[in-house]
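Protein chains in written order, with the UniProt record's numbering: chain V, 1 to 248; chain X, 1 to 405.
Incorrect hints may appear among the rest.
Not the full set, but computed from the structure, chain X residues with beta-carbon under 8 Å of chain V [claimed, not checked]:
{"hint": "1", "residue": "Met143"}
{"hint": "2", "residue": "Arg144"}
{"hint": "3", "residue": "Pro212"}
{"hint": "4", "residue": "Gln222"}
{"hint": "5", "residue": "Cys240"}
{"hint": "6", "residue": "Lys253"}
{"hint": "7", "residue": "Thr259"}
{"hint": "8", "residue": "Thr310"}
Because the hints were derived from the structure by calculation, they are not lab data.
No residue lacks a Cβ here, since even glycine has one placed at the ideal position from N, Cα and C.
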Amino acid sequence: MASASGSHPHVGPTQCVGPDYRSESQKPIATVSTEVKYETVTTLPQTPQLIALLTKIRDKNTERADFIFYSNRIIRLLVEEGLNHLPVVEHTVTTPVGRNYAGLMFQGKICGVSIMRAGEAMEQGLRDCCRSVRIGKILIQRDEETSQPKLFYDKLPEDIADRWVLLLDPMFATGGSAIMAVEVLKSRGVPEERILFLNLIASPEGIANFATKFPRLRVVTAFVDQGLDSKNYIVPGLGDFGDRFYTM
Amino acid sequence: MDTAIHSLPAKAVDKSAATMTKRAHYSPPWADLSIIGIAGSSGSGKSTLSQAIDSYYKPLDPESSRKAFLNEYDFDSPDAIDFDALLETLRDLKAGKRAEVPIYSFEKHQRMEETTIIYSPHVLILEGIFALYDPRVMGLMDMRYVVPQRNEADIIVPRGIENRVAMTMVTQYIERKLLEKSTHHRAALKSLEAGFESEPLSKRVTILKETPQLKGMNTLIQDLDTSSEDFIFYFDRLSCLLIEQALNNVHFKALTVETTSGVPYHGLAPKGEVSAVLVLRGGAAFEAGLRRVIPDCRTGRLLIQNNLRTGEPELHYLKLPKDISKHESVLLLDSQMSSGGSGLMAVQVLVDHGVPQDRIVFATYSAGRVGLHRLTKVFPDIAVVVGNMVSDMEERWVENRYFRC
């Protein structure tokens, strides 16, 4: 995967961030998500609150407890956005004050699938929004010899072919493991268009890879960073998510 | 006990019928405080008319304090009363502001270090031997009584406690005043809605985007047949989103942090502390959502209840963080807003406590247009976040469902 290089390889777009009713001068300037052109990719609205949460988890001096807390808040927002892509049907109800509300009812069964280990860090956020959701797991590690991702383990709901799948992995760099995970899901009969890949920070390269390979699969991300470094890490990124969440 | 302030619980309202300029005016019921002075010498029966709370004796120096213990100090002398402090307090209260009142210890015969806060009385009784001594203080009074005699009084109660007729007159006067205030307050609230229906909502009002999930949650929350378990789960989930959205209205500053990759990130951080104030009982339904977003959020509370008979909102209880005026932002949370009456009162309370309007973010699960118009016309610089737009004047039901009683 080509790493982003050039005169200013890692400086993303900046803009004034804040509510519309404030003038530009009242809004602080921050780096925002790099734009991507694929219809299947949804980036969370670049609100000041989201930028502040991302700032917190990107800061290498943020302690583990805070890292976990602020990541969880972003993950909940990702899940809330991801769920918007699931089917609904019209459903009118009577409210406690006796008026009718022309609402919606959720349709379709879902499950989560986390790519171990970092993806498991997103399970709590998923459960906060969907109680007792089924969660499958896939373990993919880089093969030392070929340096290619290799499937080590998977445990998925038996009826996964009938479900919508929320695929969880916080950092979407080249997308090597995620591509393998999607292949596993497809081999179990899950159609591409019923997979939603949720991640916190993505790279334009990873997104482009996915869009080519899986043109109907939806990606929901909080932020698209500027690019990858020579080791294929996202920059500026936030380091190794699993390490920061679990062991550091 | 001598000069004392006795405040009656909030029960009534406003003098100035709101003037309809571009920025509408709301006058809370306590903005036109009625002060009743009751004077008379010790043992004449004034205390029976009112309950003494605080006193205005000047702090005694050690020598005077010693004398007082020996009963040598003349508490019946006007020199012992700090009329300047009293006047300042009465003026603040008359203007609808909060006032700090010194506490006088009769055991120690001196003013204590601590003060007590008086805020939002509708009628205040100033009772004491010298309540009618200082002409400046007297000028602030609506009614003056003397037990048993003196020239400056509107009513002289000849035999103090014995005189049932005088007692009844005082009580009736207070009741009439309270009713008058209540009528004015309700009329003022009503007049605030005129002509707002056609105008677009203020730009500072954000209504949560009606995504399929939000609408689905709104369906479950509003469905009478949803189980309590589900209701609470989905309300907590939605309140979390509402608070996340409310926080987009607080003030941020640019902050550059270093990432592990060594490349800096130019991000943001909140400018300062964000605290919350719950408008009870409904606002307490947001507590779970609030803790998920800001676990250690300092949280004040105020209890506003609509009078069952008149429908007028009344402030019953208030506990705010002491330094609330210095907080960068204050989230004001209530589950529902119908007429906007309690919302107006709640914002007014924060403003009276020194919180600038543009630091207040009012968030509510549901609201109607009239209520939102009233609130934003009176307080155009506050931000408002609404989860679900409903028809006007919807009665409260969320808190009953959430707390299951």
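Results of checking the hints against the structure:
no. : hint   : in the structure
1   : Met143 : violated, 44 Å
2   : Arg144 : violated, 49 Å
3   : Pro212 : holds, 5 Å
4   : Gln222 : holds, 4 Å
5   : Cys240 : holds, 7 Å
6   : Lys253 : holds, 5 Å
7   : Thr259 : holds, 4 Å
8   : Thr310 : violated, 21 Å
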